[in-house]
Amino acid sequence: MAQIYKITARASSALPETLRNSEGIRQALAAVHEYFPLDDVQLTDHDLDRLCEASRTLARRIAGRGHIDVALRFTDLCDISSDLFKEVKDIRKAIKDLLGEYEDELEENCVGALRYVSGFRNEMVPALANSILLRRFANFVDAVLLAQIRHSDENVEIELHLVELAS
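Residue numbering for the sequence shown follows the working numbering, starting at 18 and increasing by one per position.
Rather than coming from a laboratory, the hints here were simulated on the basis of the structure.
Keep in mind that the hints are not guaranteed to be accurate.
[Unchecked claim] Under the rule of at most 20 Å between Cα atoms (straight-line distance), these lysine to aspartate or glutamate pairs were calculated in the EDC-like manner:
hint, residue 1, residue 2
1, Lys103, Asp66
2, Lys106, Glu122
3, Lys103, Glu51
4, Lys106, Asp121
5, Lys106, Asp66
6, Lys23, Glu70
7, Lys113, Asp96
8, Lys23, Asp93
9, Lys113, Asp66
10, Lys103, Glu70
11, Lys23, Asp57
12, Lys23, Glu181
13, Lys23, Glu51
14, Lys103, Asp114
15, Lys106, Glu70
16, Lys103, Asp159
17, Lys103, Asp57
18, Lys110, Asp57
19, Lys113, Glu140
20, Lys106, Glu51
21, Lys106, Asp159
22, Lys23, Asp159
23, Lys110, Glu140
24, Lys113, Glu125
25, Lys106, Asp64
26, Lys106, Glu118
For clarity, every value in this text was computed on a predicted model and none was experimentally measured.
Assemble the whole structure, with the sequences as input and the hints as a guide.
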């Protein structure tokens, strides 16, 4: 059975308890939800492996842990965002090249090409799936970064929390 991991934004565990429950923290977390309105973001083992392949920072923060329970703070999140968007850019370039390679087939009979040109499907499907996964996680990371920056004058520090759910 595949392991599932939950990702949430929360007040930084480095803050004293009194600051973790402040109005500024509540506002920053509400802003994260506004920028990235998906609750309960979950990943599978495969998703997490792919994210770690794309981001050395994420891989380093998770490496060597048995049960995963990781808090990712501002500097790590900046590095992860940069890593993931670089990887997405490379994937999107590969998709563009693939579209160019099959341009004639797609223009003549798009539906037929999508159905019968197995080379196109076999390359395009994983490329798009990877792009979606990486962009979705990177957008969540960026939502946390944006909320952190916008609320920094209120002594707010939030983090992205990645925890392995009990199976």
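Hint check:
1. Lys103 x Asp66: holds (17 Å)
2. Lys106 x Glu122: violated (25 Å)
3. Lys103 x Glu51: Violated, at roughly 25 Å.
4. Lys106 x Asp121: violated (24 Å)
5. Lys106 x Asp66: holds (19 Å)
6. Lys23 x Glu70: holds (19 Å)
7. Lys113 x Asp96: violated (26 Å)
8. Lys23 x Asp93: With a Cα-Cα distance of about 18 Å, the restraint between Lys23 and Asp93 holds, given a limit of 20 Å.
9. Lys113 x Asp66: violated (25 Å)
10. Lys103 x Glu70: holds (12 Å)
11. Lys23 x Asp57: holds (6 Å)
12. Lys23 x Glu181: holds (6 Å)
13. Lys23 x Glu51: Holds, at about 19 Å.
14. Lys103 x Asp114: OK: Lys103 and Asp114 at ~17 Å, within 20 Å.
15. Lys106 x Glu70: holds (15 Å)
16. Lys103 x Asp159: holds (14 Å)
17. Lys103 x Asp57: violated (25 Å)
18. Lys110 x Asp57: violated (31 Å)
19. Lys113 x Glu140: holds (12 Å)
20. Lys106 x Glu51: With a Cα-Cα distance of about 25 Å, the restraint between Lys106 and Glu51 is violated, given a limit of 20 Å.
21. Lys106 x Asp159: This hinted pair holds, its Cα atoms lying about 16 Å apart.
22. Lys23 x Asp159: This hinted pair holds, its Cα atoms lying about 17 Å apart.
23. Lys110 x Glu140: holds (13 Å)
24. Lys113 x Glu125: holds (18 Å)
25. Lys106 x Asp64: holds (18 Å)
26. Lys106 x Glu118: Holds, because 18 Å separates the two Cα atoms, which is no more than 20 Å.
Checked against the numbered hints above, the structure violates hints 2, 3, 4, 7, 9, 17, 18, 20; every other hint is satisfied.
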